[in-house]
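Asks: Chains as they are written, first to last, in the numbering used here: chain A, 987 to 1295; chain B, 63 to 465.
In short, the hints are calculated from the structure, not lab data. Among these hints, one or two may not hold up.
EDC-like cross-link-like pairs, simulated, lysine to aspartate or glutamate; straight-line CA separation at most 20 Å [what the hints assert, rightly or not]: (1) B:LYS72 - A:ASP1093; (2) B:LYS197 - B:ASP167; (3) A:LYS1114 - B:GLU260; (4) B:LYS84 - A:ASP1113; (5) A:LYS1207 - A:GLU1195; (6) B:LYS188 - B:ASP199; (7) A:LYS1078 - A:GLU1106; (8) B:LYS188 - B:ASP178; (9) B:LYS72 - A:GLU1057; (10) B:LYS360 - B:ASP448; (11) B:LYS458 - A:GLU1041; (12) B:LYS458 - A:ASP1040; (13) A:LYS1120 - A:GLU1103; (14) B:LYS360 - B:GLU451; (15) A:LYS1114 - B:ASP87; (16) A:LYS1078 - B:ASP69; (17) A:LYS1078 - B:GLU260; (18) A:LYS992 - A:ASP1192; (19) A:LYS1120 - B:GLU260; (20) B:LYS188 - B:ASP131; (21) B:LYS188 - B:GLU164; (22) A:LYS992 - A:ASP1040; (23) B:LYS360 - B:GLU446; (24) A:LYS1114 - A:ASP1073; (25) B:LYS84 - A:ASP1073; (26) A:LYS1207 - A:ASP1185; (27) A:LYS1055 - B:ASP69; (28) A:LYS1120 - A:GLU1154.
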Amino acid sequence: MITFSKVTKQFSRVRAVNELSFTVNQGEIFALLGPNGAGKTTSLRMLLQLINPDEGAIRYSESLLTEGKLERTRIGYLPEERGIYQDTPILKTLVYLASLRGMPTSDARKSAMEWLERFEIADRAADKVSTLSKGNQQKIQFIASIMHGPEFAILDEPFSGFDPINQEVISDMIRGLREQGTTILLSAHQMLLVERIADRLLLLSDGRELMSGTMLELRRKMGDGQKLEVQFSALTSPSLLVESSLLDAREDTATGMWQVLPRPGVPLNDALQVLTQAGRIETLRTAQANLHDIFIQSFGTTNGGNHAS
Amino acid sequence: MHRNIFDITKNVTVWEFNRFFKWMDLVKGLLFFGFFGLIGGVVGSWAGSQASKAPVVAVTHYGPFSSGDFTEGFIRFTDATLLPADSTQIFYAEGRFDAVLEIHDVNTASIRVNSDRAWLIQLEQKLNELRVSYKLDELGLELQVYDDLTAQVNLERLFDSGEVSSVVDKVLAGGAIALLLMAVFMGFAYQFTAITAEKQQRITEQVLSAISPQTWIDGKILGITGVGLAYVAFYGAIGIFAMLALSYVGVPVHQTLALVNPVFVLTFLLMALLGILMWNAFLAGVAATIDDPNTSAKSGLMVAPMFPVMLAFLALVNPDTLAMKILGIFPITSYAVLPARMVLTSVAWWEPVVALILLAATAWFLRVMAGRIFAAGMMMYGKEPDWREMLRWMVKGTDGETN
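Working from the sequences, and respecting the hints, build out all of it.
Replies: What follows is the structure, encoded as structure tokens:
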């Protein structure tokens, strides 16, 4: 549905996106992940033609074009920078925003009320947006981005600002959209949620692709997808863990447990040998590496998570 | 889903218009003025009724005049020449007399009164008339001779243009300029509020993902111009209604009403529409580059529309100078100067035509330039573009798509 081909974008001395290529297929949920400043939002803005790439090309499927131009009525967008008219009634605001995407007023009113009911805030339809809590304002923004039934929805940080319960609600709604045929490109930091709903993922670092694929493919790329959780009774040489080329290890400071991921192709025996040399093992159990582990392992924790590009 | 550029522009226009045009505010404003007008009227009529009560002036000495000279009129004179002085003072203290008058001779008199009163002017006039009459008798002159001596030269003013700008003309021209000033400053306030708030509230990205910057700014310009014109029409209609009401009760305002002819109204409305559109385009472009109105150095640009209105007020003084003729056609100033000139003097038929064409072309040009600045400026947070950058946007367009 969307193809990025060697897209590059430079802002003065900063290369925000660097020869990035990927494809979002029709009907899938595609997740764009990366630390702050990795180039996610810039990529999404280029996709929406809010800014133009310096090099490379972005191609859209025919269904998103009218006479060769991007048909914005078929796209939904939830920006990372949230904002909505504060002093106008909720329903009126939603109808206006939908009308900008070509939705007739009567249809927009009906759709807005259905979504408000789904979020259990239909009774507030006549209230001003400013009277809602921050979380409910986020819901209004979410509704505004998808209520016109887009073929392709771009959701930049759709879970931010929501409590865990509402994150689950939003997660279900995103899956529901996919079931109705909407292709979704999302960017988020809630790894557990993304892992559950995304069909394919792309990890961005400094504007470049670090790795991409399904969750299963990512696990394979990170080794055999196995994670070792180790408790040392005595850790004599922690530097062996941190500096080893055979594995990635980090200590969970809250539990004192070490999370260890063997590097791709490294036999488990070799990894265990490093662990036994580092100290005396008290407990050891295996688990499947999740997206959070892959993310942490890929981007590390040594620079405060800031891989500014 | 079907949409076209006109539908979207109309939607934005209606949205912006409804954001700022509040019927209830107009009604409240009218009620406010009506309420205070009513209070003013009641207080005024009460004060008038108090003032219309004829004051009682006791005359203790007539000087060279007689009591027969002081007949009943607006002031009631009471002969107190026979009253003892202390009785006169008691009656004055009790309020039975409003004042005590003593005429010393034909040139001097004194009056004792609680404080300054409006009717003292009428008393002074009365004493002057008596003095003139006394002096004419003394000199043996006829009243006709006196009138002849005091008559003033009648200077007939002949203007080469054949036009005489009366006070009535100037009132109407001033009113028209004031209405334009109101509309432009509303545009200033609303564009500034709308655009800087949208930037600060981060609404921009969501809207620009749906429509082009040019469509958005077009809708904004039209909507906010609509608000300005609605207020101009509302207050203009009230002004005409007030003049009709004054005419009905006998106030001579028919000359002013006669000037409000269809040609003037049409030209005024067209000039006002194009002028306000032009300045709203300019203001929208400037507002899009302002990140924080409290600290921006560009905020000062927002008062630029004041300049032509100032010049229009100069036209009230002398509308026929070459400078005013040029400014009446020059597109930046014509919307304010030409309507004023049309009221104050005669203008050639081609002047409004050329002025309208130039104004429309300039409004269109500024709209396109403002659209280019708007496209880049609205997506710029944290820093403001410098003049060179803005010029580059105007000349080359922007990074953003403007389809």
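Asks: Work down the list of hints and note, for each, if the structure agrees.
Replies: Each hint, compared with the structure:
1. B:LYS72 - A:ASP1093: Roughly 18 Å separates the two Cα atoms, so the pair holds.
2. B:LYS197 - B:ASP167: holds (12 Å)
3. A:LYS1114 - B:GLU260: holds (16 Å)
4. B:LYS84 - A:ASP1113: Cα-Cα ~18 Å, so holds.
5. A:LYS1207 - A:GLU1195: holds (14 Å)
6. B:LYS188 - B:ASP199: The given pair, whose Cα atoms are some 17 Å apart, holds under the 20 Å limit.
7. A:LYS1078 - A:GLU1106: Given pair A:LYS1078, A:GLU1106 holds - Cα atoms ~17 Å apart, limit 20 Å.
8. B:LYS188 - B:ASP178: With Cα atoms ~17 Å apart, B:LYS188 and B:ASP178 stay inside 20 Å; holds.
9. B:LYS72 - A:GLU1057: holds (19 Å)
10. B:LYS360 - B:ASP448: Holds. B:LYS360 to B:ASP448 sits at ~10 Å (cutoff 20 Å).
11. B:LYS458 - A:GLU1041: holds (19 Å)
12. B:LYS458 - A:ASP1040: Roughly 16 Å separates the two Cα atoms, so the pair holds.
13. A:LYS1120 - A:GLU1103: holds (18 Å)
14. B:LYS360 - B:GLU451: Holds, at roughly 14 Å.
15. A:LYS1114 - B:ASP87: Measuring from Cα to Cα gives roughly 18 Å; hence the hint holds.
16. A:LYS1078 - B:ASP69: Holds, at roughly 17 Å.
17. A:LYS1078 - B:GLU260: holds (17 Å)
18. A:LYS992 - A:ASP1192: This hinted pair holds, its Cα atoms lying about 14 Å apart.
19. A:LYS1120 - B:GLU260: Given that 20 Å is the threshold and the Cα spacing comes to 18 Å, the pair holds.
20. B:LYS188 - B:ASP131: holds (10 Å)
21. B:LYS188 - B:GLU164: holds (14 Å)
22. A:LYS992 - A:ASP1040: Holds, because 10 Å separates the two Cα atoms, which is no more than 20 Å.
23. B:LYS360 - B:GLU446: Between B:LYS360 and B:GLU446 the Cα gap is close to 9 Å, so the pair holds against 20 Å.
24. A:LYS1114 - A:ASP1073: holds (6 Å)
25. B:LYS84 - A:ASP1073: Holds, at about 13 Å.
26. A:LYS1207 - A:ASP1185: holds (16 Å)
27. A:LYS1055 - B:ASP69: holds (18 Å)
28. A:LYS1120 - A:GLU1154: holds (17 Å)
Violated hints: none; the structure is consistent with every hint.
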